[in-house]
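Construct the complete structure from the given sequences, taking the supplied hints into account.
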Amino acid sequence: MRQKQDTHRDRLIVFGRYPVPGQTKTRLIPLLGAARAADFQRALTERTVRTDRAFVGRQGIAIEACFEGCSEKKLRRWLGSGLIFSIQCAGDLGQRMESAFRDAFQEGCHRVVLHGTDIPGLTLSHLEEAFEALKEKDLVLGPSTDGGYWLIGLKRHADLFRSLEWGASTVFAKTVAAAQHLNLSFQVLGPLTDMDTSEAVTQCMPEWAEQRPYVSVIIPTRNEAARIEDSIARARSRDAEIIVVDGGSTDNTVEKASRAGARIITASPGRAMQQNEGAAAARGTVLLFLHADTRLPKGYVSHAFDIFLDPGTILGAFRFKTDSDEPRMKIIEFLANFRSQNLRLPYGDQALFIRKSAFERAGGFPEVPIAEDLVFVKKLSKMGRVGIAEAEAVTSARRWLKLGAVRTTVINQFILAGLAMGVSPHTLSRIYRQSKN
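Those letters in the sequence shown? Residues 1 to 437, per the numbering used here, in order.
Just so you know, these hints were derived from the structure itself, not from any lab. Here a beta-carbon is modelled for each residue, glycine too, at the ideal position from N, C-alpha and C. Honestly, I wouldn't trust all of these hints.
Result set (DSS-like, lysine-lysine): computed pairs, CA atoms no more than 30 Å apart in a straight line [what the hints assert, rightly or not]:
hint: 1; residue 1: Lys74; residue 2: Lys378
hint: 2; residue 1: Lys298; residue 2: Lys330
hint: 3; residue 1: Lys330; residue 2: Lys379
hint: 4; residue 1: Lys74; residue 2: Lys379
hint: 5; residue 1: Lys356; residue 2: Lys330
hint: 6; residue 1: Lys256; residue 2: Lys74
hint: 7; residue 1: Lys378; residue 2: Lys73
hint: 8; residue 1: Lys379; residue 2: Lys298
hint: 9; residue 1: Lys135; residue 2: Lys174
hint: 10; residue 1: Lys135; residue 2: Lys74
Quick list of the computed label-pair ranges, beta carbon to beta carbon [what the hints assert, rightly or not]:
hint: 11; residue 1: Lys382; residue 2: Ser163; range: 54 to 60 Å
hint: 12; residue 1: Thr145; residue 2: Arg259; range: 44 to 50 Å
hint: 13; residue 1: Asp92; residue 2: Gly261; range: 52 to 58 Å
hint: 14; residue 1: Asp323; residue 2: Cys204; range: 47 to 53 Å
hint: 15; residue 1: Arg76; residue 2: Glu326; range: 27 to 33 Å
hint: 16; residue 1: Gln59; residue 2: Met205; range: 23 to 29 Å
hint: 17; residue 1: Ala54; residue 2: Gly363; range: 32 to 38 Å
hint: 18; residue 1: Arg399; residue 2: Gly121; range: 53 to 59 Å
hint: 19; residue 1: Arg259; residue 2: Glu165; range: 46 to 52 Å
hint: 20; residue 1: Asp92; residue 2: Ala281; range: 16 to 22 Å
hint: 21; residue 1: Arg399; residue 2: Pro366; range: 20 to 26 Å
hint: 22; residue 1: Leu335; residue 2: Arg96; range: 29 to 35 Å
This is the structure we're talking about:
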């Protein structure tokens, strides 16, 4: 499926893959982990598109983002407006590139240049040289240091993409031979390095080669021995570190958390302070704040990653669910998810997640005695969008069952209304303690 709204006669095609942990840059997973490999692909693509936008802005050339592994809707959400969006056809790399060129020429293009997304050395000068070459030549090639090519440009359709062993070190040489057989005139640009191997990343972009997690799961605890091991087990991932910030437990919470593989930090009691201490010690790109009685969904790292492919999203959370099948709890779940989806106001028991850079920019959780999650979310909602993942975080219904579902809901709504009217969290905390007696 393709958009057909372009009137430019020259086109620059960005040929790539939508980043999905475990499916993108798989050769880099041993070095970076699945999520960071996908994040590396995201960063390279965004860098490349910025270069392309800067080039075509002064040249009057259209950019087409031709990707696989996604829908046009997701591609547009990620890369924004001003591009032509298309999805690659089925087949090997050669068949997909041939189709992209054929479609562009059928739509009336005169010069078409195609390049990948993993070439950090790409500059405006390279693109200008490629299009200039096509004024006189039939073909332009940018060889990569691994024997392939990082750019190819044509001014008419040519049968160059068949019977090649893609990924082999002979691709560039065989393409040149095919061009000569077809009597195509061509020009060769300078070589660049694709970021396809651990060695290339280590040499060219060493800041990415550092071993660290994509997500830091931060769990504030105080006397949660009955639940902490299950929460940690559900959060365990090769792409995550788990940090338990204990606020003075008198049971064996710390012992169980350590045995389950979490890193232990101690802090003064208070959920906001404990979460801020965990964030300060975290090494991940994304911080995920998890209550000890909440279980994360399967594949939670991928869900968080996808939420942040929307560059305007600053905070994410999961849908709300409890571990109770009582009809009253189902009504509460419905209302909570309605609030989250329509007001973009998730609570802390929905496992809030945020990029560490944005968390630091926001100043962390306000160190208040109650509703630190609501104050935090309301502040963040003014800085960007709040995204809700489709997956559900399952939290214990113990609080509702202990106080009563209706009573607990009324108290929660009272606190929310009080914050909206500017009532101090300290005042609300006193009222909350009295309401539990």
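Hint-by-hint comparison with the structure:
no.: 1; hint: Lys74 / Lys378; in the structure: holds, 26 Å
no.: 2; hint: Lys298 / Lys330; in the structure: holds, 21 Å
no.: 3; hint: Lys330 / Lys379; in the structure: holds, 29 Å
no.: 4; hint: Lys74 / Lys379; in the structure: holds, 27 Å
no.: 5; hint: Lys356 / Lys330; in the structure: violated, 33 Å
no.: 6; hint: Lys256 / Lys74; in the structure: violated, 41 Å
no.: 7; hint: Lys378 / Lys73; in the structure: holds, 28 Å
no.: 8; hint: Lys379 / Lys298; in the structure: holds, 29 Å
no.: 9; hint: Lys135 / Lys174; in the structure: holds, 24 Å
no.: 10; hint: Lys135 / Lys74; in the structure: violated, 35 Å
no.: 11; hint: Lys382 / Ser163: 54 to 60 Å; in the structure: holds, 57 Å
no.: 12; hint: Thr145 / Arg259: 44 to 50 Å; in the structure: holds, 48 Å
no.: 13; hint: Asp92 / Gly261: 52 to 58 Å; in the structure: violated, 42 Å
no.: 14; hint: Asp323 / Cys204: 47 to 53 Å; in the structure: holds, 48 Å
no.: 15; hint: Arg76 / Glu326: 27 to 33 Å; in the structure: violated, 42 Å
no.: 16; hint: Gln59 / Met205: 23 to 29 Å; in the structure: holds, 28 Å
no.: 17; hint: Ala54 / Gly363: 32 to 38 Å; in the structure: holds, 33 Å
no.: 18; hint: Arg399 / Gly121: 53 to 59 Å; in the structure: holds, 55 Å
no.: 19; hint: Arg259 / Glu165: 46 to 52 Å; in the structure: holds, 50 Å
no.: 20; hint: Asp92 / Ala281: 16 to 22 Å; in the structure: violated, 46 Å
no.: 21; hint: Arg399 / Pro366: 20 to 26 Å; in the structure: holds, 22 Å
no.: 22; hint: Leu335 / Arg96: 29 to 35 Å; in the structure: violated, 47 Å
When the structure is compared with the earlier hints, violations turn up for hints 5, 6, 10, 13, 15, 20, 22 and for no others.
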